[in-house]
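Protein chains: 2
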Amino acid sequence: MKTLKLALLGFGSAGRAFARLLLEKEAEIEARYDTQVAVTAIVTGSHGTLTDSAGLDLPAALDTAEAGSRFPGSDTAMEVAERGDYDALLELTPLNIRTGQPAIDHIKTAFGRGKHVVTANKGPIAWAYADLRAEARRRGCLFFYETTVMDGTPIFNLAEYTLKMARVTEVSGILNTTTNYMLQEMAAGKPYEEILAAGRRLGFIEADPAMDIEGYDAAAKLTALLNVLMDAHMTPDRVDRTGIEHITPADIQAAAKRDCVIKLVCRGTVKDGQVQATVKPVEVPRGDLLATIDATSSVVSLTTDLMGKLSIVEHDPLIEQTAYGIFGDVLRVLDGVSRG
Amino acid sequence: MKTLKLALLGFGSAGRAFARLLLEKEAEIEARYDTQVAVTAIVTGSHGTLTDSAGLDLPAALDTAEAGSRFPGSDTAMEVAERGDYDALLELTPLNIRTGQPAIDHIKTAFGRGKHVVTANKGPIAWAYADLRAEARRRGCLFFYETTVMDGTPIFNLAEYTLKMARVTEVSGILNTTTNYMLQEMAAGKPYEEILAAGRRLGFIEADPAMDIEGYDAAAKLTALLNVLMDAHMTPDRVDRTGIEHITPADIQAAAKRDCVIKLVCRGTVKDGQVQATVKPVEVPRGDLLATIDATSSVVSLTTDLMGKLSIVEHDPLIEQTAYGIFGDVLRVLDGVSRG
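So the protein lines, in turn, are chains A and B. For the first sequence, the positions run 19 to 358 when the working numbering is used. For the second sequence, the positions run 19 to 358 when the working numbering is used.
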């Protein structure tokens, strides 16, 4: 039996859910791919690093992490990327939405060593996709990033595997959960501070939600879609972006009188080589698909030359759906490796 | 350059749209697959047959068909399946929703000769999927059928290529355009006979719409989904089926008072090895995704063990989207053949 060695840069809730899924599916993977998947490195943000070239004890590592205890090692993510013993790097570090770093450098380092990469971090796809794609091709490395938009919901894979030779001419959708939740709660008449408190308690809203509320997270996801699906060479700072920070309950009530709801809508096209990308609050008629996308659900619509317009909706995802995105990309690495 | 020879059983509007797309993409296919796709046989229902082992003149064949003229040959579909010179059979004959025949026999004949098959005819998938799948595997033949549900919208390919190792536990959706259009027009207050006349004029409604109105077409599509995605060994006659023939304008108005619309909803699960499959009119709340599926649009929702619930919507398809479904499956044959 062959072995595929994984280095996990980041071991937050998504990384741990991925590890649990990997353990659950261990026997099925071995039967299907004649390959054992071994985790040889786990790097945390502030709880140390665990490495073992022979494959570390994943159940024990999960116990340690969930108890809030530390791993004994001190190698940084970059040190593991540079010197770790792995076949595929899993880039799961926290997003730096302003630069995509240091995740971009982790990925470049892995490609420089001829290693495959799976990223759940959208920064590199939003800031450096074309470069990274080119470098992966030059080095013969696999590079997958399904999780960067809508968790494990197939968007990039949908376009690549199921819409062959069709060209995407427009993307649109609702991509940010926090603002979608907030707008819905505002429409239900709840006070702003109460929404923030409840959203933080439920895990929908981060301690500092500015990146969500100001539309920057949505802009980064839109940029990732444009870069991958439409070869747009875009960066998030070039998106025409308006957040929901100035939307008032009165605006929402006025929209309701017109039988509309307000949603933070992303839209991108390429016309005559010019990218047009906007993120802004839009009044959507209640009979429109976008209006039915509830709190933590999301949607991407693709307009294509050959297959018309399609939409894919993710309903009420949990962290297991993020884990599945990473897992599915690791299966694609296994497919690619076994095919040679 | 290699050649892939196609035999087209059926040359109606979808077959002709496929032929136009094939011509449009000829150079791109040759560049990508180093393969020339040659149509070596076209069989029509009542306008003769055209065959040429060297590859027939497709633009001329299109002109002949669109002028309503006849092809010179008289071979039947079965004779071409049995003796034609082709690598892949395209089963595009009219659906027999009660038996799936003679399309099932055409496909079996092709497999018996070691030929690949693409079917846009859902009869074989609804009536004989497990047998055909097994026969294709025994003979090492490729077998694709994306077009049988929702045109070229990826449903079967979505599950196969983008939801690896996830198991589908429930399918649901709105799958029949005719009834969806009729219910919407009834809700707008139009008289039944006027709706039928307009629908026939626009091409949404067949001369005899009983198969649609009584839910049989939807049941066949639901059966195809259950057979492929959930290994259900189901047939359309075993679906618990209620059509829209007894829905009155008063029912629709009563639903509207409850802020609901009536939709013909398909739903299927497998519980403890028992398939539960229903097609019936359902009152759907206006805020639900299903309520936003307009006249000729459709939707499939998949509930899975690992990726939660996803929905895919096809918006306002034209005949070109049916053609794309066939085209995409032919590209998958090219992929499979080139991979050996």
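Because the hints were derived from the structure by calculation, they are not lab data. Small disclaimer: the values here were computed from a predicted structure and weren't measured. Worth double-checking, as some hints may not be accurate.
Remember, identical chains collapse to one label, so a pair may be satisfied in a single copy or spanning two.
[Said to hold, decoys possible] Derived pair list, reagent style SDA-like, types lysine to any residue, alpha-carbon separation capped at 25 Å:
#1 Lys20 to Leu113
#2 Lys327 to Ala215
#3 Lys20 to Glu212
#4 Lys43 to Gly158
#5 Lys20 to Arg116
#6 Lys133 to Asp103
#7 Lys289 to Asp75
#8 Lys182 to Leu160
#9 Lys126 to Glu263
Hints and how they fare:
| no. | hint | in the structure |
| --- | --- | --- |
| 1 | Lys20 to Leu113 | neither (33 Å within a copy, 47 Å between copies) |
| 2 | Lys327 to Ala215 | neither (38 Å within a copy, 28 Å between copies) |
| 3 | Lys20 to Glu212 | neither (53 Å within a copy, 66 Å between copies) |
| 4 | Lys43 to Gly158 | neither (28 Å within a copy, 29 Å between copies) |
| 5 | Lys20 to Arg116 | neither (40 Å within a copy, 49 Å between copies) |
| 6 | Lys133 to Asp103 | within (10 Å within a copy, 46 Å between copies) |
| 7 | Lys289 to Asp75 | neither (52 Å within a copy, 36 Å between copies) |
| 8 | Lys182 to Leu160 | both (19 Å within a copy, 17 Å between copies) |
| 9 | Lys126 to Glu263 | neither (36 Å within a copy, 62 Å between copies) |
In the structure shown, a violation is registered for the earlier hints numbered 1, 2, 3, 4, 5, 7, 9, in ascending order.
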